[in-house]
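Novice: Sequence:
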Amino acid sequence: MKEQLRHAIQAALKECYRTGTLDSGVVPDEIQLEVPKNPDHGDFSTNLAMALAKAERKAPRQIAEVLSVAMQGNPLCDKVEIAGPGFINFRLQATHWYDVLHQIMQQGEQYGRCQVGNGKKIQVEFVSANPTGPLHIGHGRGAVVGDAVAAVLQAAGFEVQREYYVNDAGNQVQTLGNSILLRLRELQGEAIVFPEDGYQAGYIVDLAKQLLAEQVGLANATEAEAVETCARFGVAEVLKWIEADLKAFGIHFDHWYSERSLYDRGMVDQELSKLKEKGLSYEQDNALWLRTTEYGDDKDRVLIKSDGSYTYFASDVAYHMEKFDRGFERVIDVWGADHHGYIPRMKAMLAGLGHAPEDLEVLLIQMVNLLRDGQPFVMGKRSGNFVTLREVINEVGSDACRFFFLMRRCDSQLDFDLELAKQQNSDNPVYYVQYAHARVCSINRNAEESGIPLPRREDVDLSRLELAEELALAKYLARYPETIVGAALNYEPHRVIFYLQELAAQFHSYYNRQRVLVDEAAITQARLYLVNAVRRVLANALKMLGMSTPEQM
RNA sequence: GCGCCAGUAGCUCAGUUGGAUAGAGCAACGGACUUCUAAUCCGUAGGCCGAGGGUUCGAAUCCUUCCUGGCGCGCCA
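In terms of this note's numbering, the first sequence opens at residue 42 and continues consecutively.
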């Protein structure tokens, strides 16, 4: 609809040039058309006259006058007005808004989906927490945002894969194995000295007990073998926890990618030799370096240390190179904001390989400040005093938790007060949105009990929706698809949350002012049609973001 | 010292990519349940958009210099 109007304006502009009422001949690439904040300013508004003022050397209002004359009588528009410094405001025929309702009812679950992504393959890698302990609240935010970004991209027509990168190689896994082994020996009565940098948390002891119960024979193993066994066991168990936690959140990964497998398959050496061939790496001080400075990094980065071991960066380079080998045109990484210093070297690496900077998009999730009764709560795996994601989900509920994490832009910090979140039960905005959905369902139930049929497209007379607020509701429903596109292209799922809240607010307000089931059958039918379109959009958005759609509350 | 993110109502945050009179939710105050669910609605009050300068028809939004807070700057992960 917006596009139709855009074309009409473009045609009018060309007509003006043809007839000589305007003479600059300038046609902007894209005519800006927006929905004004103030409904008095019409359904759509363009700044075209102001934009042309310079080229035309005329006052904006004068140009607007000429254009609006050319637009008069256009069948799309009910009214064309000039306002303010030179805005041209359009009010569309009501039938266009009625058509939106028909579209929604006809498309059902598909309404809001589109093909702007054009099937482009895109990967979202998120969470990717080290498998050395349970997920905490900060991981939860990344999990929800990553999942929502993926969902919104899917809705916009991208082919999306959700991937979890498992850091099952490297020092932190050694530390895990060592920590478990020490606790195991402790359980067997040995006096041990637990190292400062070991994992102190209680779950390590649990893992040790479990290992003990399973009677894994470590007696004849060397120290290194024992640590290795404990590490493998620990990683496998912790991954089970993580998967279960994510499942409780309704999050499913298409693919779990093992870092260790990169080494086992020789991928790291293979990719590193490609870099060498391209002259992107060099040896110095017995170490192998990547020339990231040539592509904007502060300093070159080490791939292989002088002792022959690989850096974390090395496997990350190989991993990301392979992502593109797997055919993804764009790759999104969701990271904690404390890793932001890592971005320049990753981008530099890709630039060296001839990728555009946008091919890798890193979403930084800012910190979650965990509070309890307003007091900061210290987190850290080693301190052993942290709140797990599972605890929070159990306390607050998955829906509320997801909603809360999605309410803010991911690049601003988030205060999460556990007591507050628990209290929120009835205050939480998620219920506000879900309640709107439940209310429509309730109306439907009442209609059914009274023997009122649900309206069918062929029978319903939408011109009975005469109230300004009814039209406003339809107009807002029309903006759902563009909201998704905006959220997808900008990786900003919070836009959908704000849309939901606004839609629910408009619906609740309408509900309190007007009855749907009234004496006059035709009006009842039209209003039922409208509120069920609202329900449809609420349900589509809630489902897309992984939240439930209760029919009763 | 360098870099990234943020700074908007008492609090938590939006702000359609530069548009018209800057908006919500909490918190405060006052109203609305014999009518489809009051987990709702209606109203009142609340602002130097961190500060200064610049760009233009027009700036919370873009550029610049500061100030404040958070986070990073290893041959750690």
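Simulated from the structure, these hints should not be mistaken for lab results. None of the values given here were measured: they were computed from a predicted structure. Don't be surprised by glycine CBs; every beta carbon is placed ideally from N, CA and C. Please note that a few of the clues may not be correct.
[As the list claims (entries may be wrong)] Derived DEER-like restraints, expressed as beta-carbon distance ranges: (1) LEU495 to HIS293: 30 to 36 Å; (2) ARG306 to SER550: 40 to 46 Å; (3) SER483 to GLU227: 23 to 29 Å; (4) LEU405 to ASP295: 19 to 25 Å; (5) GLY349 to ASP452: 17 to 23 Å; (6) ASN79 to GLU150: 32 to 38 Å; (7) HIS293 to ASP140: 17 to 23 Å; (8) LEU495 to ASP366: 49 to 55 Å; (9) GLU510 to ASN531: 28 to 34 Å; (10) ALA52 to GLU510: 31 to 37 Å; (11) GLN148 to HIS293: 32 to 38 Å; (12) GLN144 to ARG59: 48 to 54 Å; (13) SER483 to GLU510: 53 to 59 Å.
Novice: Take the hints in turn and mark each one as holding or not.
Specialist: We went through each hint and held it up to the structure:
| no. | hint | in the structure |
| --- | --- | --- |
| 1 | LEU495 to HIS293: 30 to 36 Å | holds (34 Å) |
| 2 | ARG306 to SER550: 40 to 46 Å | violated (59 Å) |
| 3 | SER483 to GLU227: 23 to 29 Å | violated (59 Å) |
| 4 | LEU405 to ASP295: 19 to 25 Å | holds (23 Å) |
| 5 | GLY349 to ASP452: 17 to 23 Å | violated (39 Å) |
| 6 | ASN79 to GLU150: 32 to 38 Å | holds (34 Å) |
| 7 | HIS293 to ASP140: 17 to 23 Å | violated (36 Å) |
| 8 | LEU495 to ASP366: 49 to 55 Å | holds (52 Å) |
| 9 | GLU510 to ASN531: 28 to 34 Å | holds (30 Å) |
| 10 | ALA52 to GLU510: 31 to 37 Å | holds (33 Å) |
| 11 | GLN148 to HIS293: 32 to 38 Å | violated (25 Å) |
| 12 | GLN144 to ARG59: 48 to 54 Å | violated (35 Å) |
| 13 | SER483 to GLU510: 53 to 59 Å | violated (20 Å) |
Checked against the numbered hints given earlier, this structure breaks hints 2, 3, 5, 7, 11, 12, 13; the rest are met.
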